[in-house]
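Dock chain to chain to rebuild the complex, using the hints, since each chain is given by itself in its own frame.
So the protein sequences, as listed, match chains A and B. Using the numbering used here, read the first sequence as starting at 316 and increasing by one per residue. Using the numbering used here, read the second sequence as starting at 912 and increasing by one per residue.
Incomplete in silico selection of chain B near chain A, CB under 7 Å:
(1) S959
(2) R988
(3) I1017
Computed cross-link-like contacts, DMTMM-like style, restricted to lysine to aspartate or glutamate with a CA-CA straight-line distance of at most 20 Å:
(4) B:K1011 / A:D771
(5) B:K1019 / A:E770
(6) B:K1019 / A:D771
(7) B:K1019 / A:E769
(8) A:K782 / B:E1000
(9) A:K798 / B:D1027
(10) A:K753 / B:E962
(11) B:K1011 / A:E770
(12) B:K1011 / A:E769
(13) A:K753 / B:E1000
(14) A:K798 / B:E1025
(15) B:K916 / B:E976
(16) B:K1050 / A:E783
Okay, the calculated beta carbon distance ranges per label pair:
(17) B:L1034 / A:E756: 28 to 36 Å
(18) A:K471 / B:E982: 45 to 53 Å
(19) A:F733 / B:R1117: 49 to 57 Å
(20) A:E805 / B:L1034: 23 to 31 Å
(21) A:S752 / B:D1027: 30 to 38 Å
Hints listed in this document are in silico derivations from the structure and should not be mistaken for laboratory results. All C-beta atoms, glycine included, are put in the ideal place defined by N, C-alpha and C.
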Amino acid sequence: MSAIPAEATTAEEKVETTGQYDELVNAGYEHGFITEIESETLPPGLDEGVIRTISARKGEPEWMTEWRLAAYRKWLEMPTPNWASVHYPPIDYQSISYFSAPKKKDGPKSLDEVDPALLETYEKLGIPIEEQKALAGVAVDAVFDSVSVATTFREKLHEAGVIFCSISEALQEYPELVQKYIGTVVPPTDNFYVGLNSAVFTDGTFVYVPKNTRCPMELSTYFRINEAKTGQFERTLIVADEGSYVSYLEGCTAPQRDENQLHAAVVELIALDDAEIKYSTVQNWYPGDENGKGGIYNFVTKRGDCRGARSKISWTQVETGSAITWKYPSCILRGDDSVGEFYSVAVTKGMQQADTGTKMIHLGKNTSSTIVSKGISAQHGQQAYRGLVRIAGKAEGARNHTQCDSLLIGDQSAAHTFPYIEVKNPSAKMEHEATTSKISEDQLFYCRARGLTEEDAVSMIVNGFCKEVFNELPMEFAVEAQKLLSISLEGAVG
Amino acid sequence: MLSVKGLKASVGDEPILKGLDLEVKPGEVHAIMGPNGSGKSTFAHVLSGREGYEVTGGSAELDGEDLFELEPEERARLGLFLAFQYPVELPGVNNMYFLKAALNAIRKSRGEEELDAVSFMRLMKEKLKILHLDDSLLKRPVNFGFSGGEKKRNEIFQMALLEPKLAILDETDSGLDIDALRIVADGVNALRSPERSMIVVTHYQRLLDYIQPDHVHVLAKGRIIRSGGKELALELEEKGYGWIVEGEAA
Ligand SMILES: Nc1ncnc2c1ncn2[C@@H]1O[C@H](COP(=O)(O)OP(=O)(O)OP(=O)(O)O)[C@@H](O)[C@H]1O
Ligand SMILES: [Mg+2]
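This is chain B alone, in the form it adopts within the complex (with noise of 0.2 Å):
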C-alpha cells in the first residue's frame, strides 16, 4: 500500500527528515508517535503534497504510484486522506456543499458517477450516526467557529465519507474529551478494513487503547528509530521518549 524509503525533507535550509522509511500494508494500523517537534506533521504533509517543503532524498509510493510526481488533489483522489493536526476553517463555504464536491471530485476521478442531492444526503445521515456528529455542523462554514473537538470530528466525518485508502491521522485525539476520544476511535474502528490503512499520529498512549495498532513507530529527530508492537506505546507511556532516543544518539 504505502512505501516510503530513505525520505528526506526539509524547510528552506533546515533538514526536516531525515532517512525515514516506513512500509504500510493494506488492512494496517501504525500508530507514529515522537516528541514535540520531531517531524511527524511534516512527514504527513510532505506526504500529503503541502508547499513549503523539499523533498530532497527518498521515495514514497501509494500503491506503486510515485506521490512526488502528484499534485495534492491527484494525491486525495489516489485515496490518501490527511486528518489535519490543525483544521483549517473556511469562512462562507457551506460544510455539506463542501463535502459534496469533494466526495464527487473523488468519485469522479474514480470513473464513478457523481452523486446528486438525495443520494448525498442518504449517505451523510448515514455517516453522520457512525460519528454521532450533530447535523446542524454540516449547515455551517467549514470549520468556522467550531470547537477544537468538533473540528476534529468533523475531519473523521470526512474521512468517512471520503473513503480513502490510507487515511493519515495527525494528532486527532489531541483536544477531544474523553466521550469524544471515544466516539471518534469507535468511528475509526468502524472504518477499519481489508482494503483500507490507517497512519496514526498520537501522543497518548490512551487512544491506543481504542484503536488498536499493528505496528507503533517512535518518530524522532527525522527518523524512525524505534518500531514495535503495541507493548511499544505503553512502554513509551511509562518511560518517556527520552530512554530511546538516548540510546539511539549513545
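Pulled out of the complex, with its shape left as it was, chain A reads as follows (with noise of 0.2 Å):
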C-alpha cells in the first residue's frame, strides 16, 4: 500500500494582505520596501545569497533571515517529491525569480488580450470590470475598494485588538509573536515544498486573536480583491488565543490567472484553550484550457495545531480550480476535548487532477473529528481523496466520523477514495461511510420532463450532494461557492 503522500500539499489562492488598507499601505511605503520591490525584480535562480537580499529587502530581523536559511540548506537535501497519483512536467527551481516585481509587466495589456472564456465566467459571477481585470492580471491603478470600507472594518478590528496584516508587516511590528509561532506546526522540514516556501515566501497573511476574544467579523480576502496578484510562495499564520474565535475566509470564485504555474503556499492555525477558528476556502486557479495548458499547480501544505484543551479548528474547502491540486488541510488534536472538522468539496473536469484529502491526528483524550468530502469528477477528471485518521496511543475516548461522497458525471471521470486508519487505542470509536454515484439519465429526464434544462438538473443534483459542505460556509460564500460550481460544470454533462 502506497504512503500517504508527504504532509499537505499545494499552493493555493490568494493569501495576501500586504496593504490592503490605506494606512497599511502608507505605512509599506513608508518603510520603503513595497516601493524598491516594485523597481526590482531579481534574476531567476536560487542561493543563499538570494535569501539574504530578500530578507533584507522586507527589512527582516536577524533571527527570520537565518531560519529562511537554515530551511533553504535542508531543502537543498531533499528530495523532489514524485507522487504517483497526480502528473506533470519537472519544474526547474532555478528558472523562476524568487523576488520580482509585480506582474504588472508581464500580464495583459488590457482584456482584449485576455482567454474570453474567462472573461464570460467572469460575467456570469458578475463581477464588476476593474476586479476583472484584477483578476486576470491587467495592471490596474485604481483602487477600487471603497476606503470607508476598508476603514470601518479596521477600526473594527483594532478595537478588538485583532491584530490582520500582512506577513512582512508582522515580522516587522510583531515579530516576537511571529516567533513564537511561525513553523511550529508546519516545520520548515516538513516536504520538499514547504522547505522551499521557508527559504522564499514574500507574501502572506498574519491574524493573531487576543485572548477571551471574538474576532468582530469574518476575516475575508475579498476586502482585497483590489491586490489580486498572488504570491507564489504564501505563508499564513493564524493564532487564536485563549477563548478566541475566529472565521477566516480564503480565495474567491473568480478564477484567476497567474503567470506564475507554480504555487507552495503554507498555511499554519493554532488554538490555544478553548479557541476556536474556523477556516474557509474557496479555490478557483485558472484550470488552464482544454487540454490542461496554461493552469496552476497548486501544492499547499495546511495543517492546524488544535494546542490548547476543549480547542477547535474547522476546515471548509471548495475547490474547483487548478490544472493540478494537491493538498491535505490537517488538524492535530493534541488539547484533551479537542475537535477537528474538514468539509471539502472538489470539482475535477477537463483534464484537471486533484489529489485532496485530510488528516486527522488525534493526540489527546476524547478528542474528535469529523471528515466530510464530497468530490465530483466530469470528463476526463482525475480525482483521489486520502484520509488518514490516526489515534495515537495516548488518546483515550478518541472519536471520528468519516464521510467520503463521489459523483461521477459521464463514465469517462474517476475518483478514488483511499482512507487510512490507524488506531493505537482500542477505546477509539471510528464511523466510515462511503458512496459513489452517477447522475443517471432517469434524473436528468425526469428534471428535463419539468422544464429544467439538463444543466439546471446538472447543478441542483450536484449542489444538493455538496449541501452538507455548503452550510459550514459562511452564508455568503456559500452562495458564490453554489454559483461556481454550477458554472464550472457548465457543459460538462454529455
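Shown next, in the form of C-alpha cells:
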C-alpha cells in the first residue's frame, strides 16, 4: 500500500494582505520596501545570496534570515516529490525569479488580451469590470475598494485588539509573536514545498486574536480583491489565543490567472485553550484550457494545531480550479477534548487532477474529528481522496466520523478513495461511510420533463450533493460557491 | 390540442409503437388501457422526449408544434406534463426548491414573471390542500424515501402546480390505497378545465369511476386497436383484453 503523500501540500490561492488598507499601504511605502519591490526583480535562480537579499529587502529581523537559510539548506537535501497520483512535467527551480516586481509588466495590457472564456465566467459571476481586470492580471491603477469599508473594517478590528496584516508587516511590527509560532505547526523540514516556501516566501497573512476575544467579523481576502496579484510562495499564520474565535475566508470564486504556474503556500493555524478557528476556502485558480495548458499547480500545506484543551479547528474548502491540486488540510488534536473538522467539495473536469484529503491526528484525550468529503468528477477529471485518521496510544476516548462521497458525471471521469486508519488506542470509536454515485439518465430526464435544462438539473443535483459542506460556509460564500459550482460544470455533461 | 398520426417508435431494433393514432381535443380526458408491455409507457416517453427511443415514423403535434423538433424541457415548457409511472428520486435536491425552479423555468419561457419565495409559498399552500398532501414532504429531497403512494401523489401535486395544457398520467393509480386513489382522483378532477386535456393510462376501471373519461382506448402491440366511451372500460374489466386482441388478430 502506498503511503499517504508527504504532508499536506499544494499551493493555493491568494492570501495577500500587504497594503490592504490605506494605512498599511502607507506604512509599507514608509518603510520603503514596497516601492523597491516594484522597481526591482531579482534574476531567476536560488542561492543563499538571493535569500539574504529577500530577507534584507523585507527588513526582517536577523533570526528570520537565519531561519530561512536553515530551511534552504535542508531543502537542498530533500528529494523532489514524486507522487503516483498526479502527473506534471518537472519544475526547474532555478528558472523561477524568487523576488520579482508585481506582474504588471508581463500581464495582459487590457482585457482584450485575456482568454475570452475567462471573461465569460466573470460576466456570469457578475464581477465588475475593474475587478475583472485585477483578477485577470491586467495592470490596474485605481483602487476600487471603497476606502470607507476598509476603514470601518480596520477600526473595528483594532478596537477588538485583533491583528490582521501581511506576514511581512507582522515580522516588523510583531516579530516576537511571529517567532513564537511560525514553523511550529508546519516545520520547514515538513516536505519539499514547505522547505522551499520557508526559504523564499514573500507574501501572506498574519492573524492574531487575543484572549477571550471574538473576532468581530469574518476575516476575508474579499476586502483585498483589488490586490489580486498572488504570491507564488505565501505564508499564512493564524493564532487564536485562549477562549477566542475567528473565522477566516480565503480565496475568491472568480477564476484567477497567474503567470506563475507553481504555487506552494503554507498555512499554519494554532488554537489555544477553548479557542476556535474556522478556515474557509473557495479556490478557483485557472485550470488551463481544455488541454490543461496554462493551468496552475497548486501544492499547499495547510495544518491546524488544536494546541489547547477544548479547542476547535474547522477546515471547509470548495475547490474547483487549478490544473493540479494537491493538498491535505489537517488537524493535530493535541489538546484534550479538542475537535477537528474537514468539509470539502472538490470538482475536477477537463484534464484537471486533484489529490486532496485530510489528516486527523488524535493525540489528546476525548478528541473528536469529522470528515465530510464530496468529490465531483466530470469529463476526464481525475480525483483522489486520501484521508488519514490516526489515534495515538494516549488518545483515550477518541472519535472519528468520516463520510466520503463521490459523484461521477459522464463515464470518462474517475474518483478514487483511499482511507487510512491507524488506531493505537482500543477505546477509539471510528465510523466510515463511503458512496459513489452517478447522475443517471433517469434523473436528468425527470428534471427535463419538468422544464429544467440538463445543466440546471446537473447543478441542482450537484448542489444537493454538496449541501452538507456548503452549510458550513459563511452565508455569502455559500451562495457564491453554489453559483461557482454550476458555472464550472456547465458543458460538462454529455 | 394533441394530434398523433401513424406514430412508430423502436428501442434498438425492436419496434414498440407500430402506427399509433390519437387525437385529443382541449378539455378532453382520454383513458388508455392495455396489457402489460403493450407500449403505453413507451408512448408517454416518446411524447415527452425521453432518450433511448427512436421515432421511425409518424408525427406528434401539440397545439400545432412538432413535438419531435423539441427538447424534453421545451416540450414541458410548452405545456406537456408526464406523471411518471416510476417517479425518480433526486437525493439532496429539496422538493420545494425543485418545484420552484421548475415552475419558474416554465413561467419564464411563457414570458411570465418568476415567482418570488413568498408568492410561491402561497401558491403551494393552495395546491397542497387540493392533494391533502403533508407539507413535510416538501422539505424532503424529491421523491427520496417517499412511499410508493407518496411519490404518485407528489406527481399530481407537481401537475397542479405547473398547470400543464396536456397531462399524461402513467398508471398514477397503481400503488395507491383506496383513500389516496380518491384524493388523487379528486385532485385530477379539480384540475380538469376546458383548456386542459389529459391522457390517463391505467389498468383499472375503478379509477375511471372517479375520473370520468370522454374516450377510452385499448393499446395493444403498439397500436390503438379499439376506442370507445366509458362503457368500454367496464367491458374490459369484465372480459379482459383477450377478446379484443384476438379479434384484432383474426
Ligand atoms: N429501454 C428499453 N429497452 C428494451 N425494451 C424496452 C425498453 N423500453 C421499453 N421496452 C419494451 O417495450 C415494450 C413496451 O413497454 P412499455 O413500458 O411501454 O409497456 P407498458 O404498456 O407501459 O406496460 P405496463 O403496463 O407493464 O407498464 C415492453 O416489451 C418493454 O420490454
Ligand atoms: Mg407502463
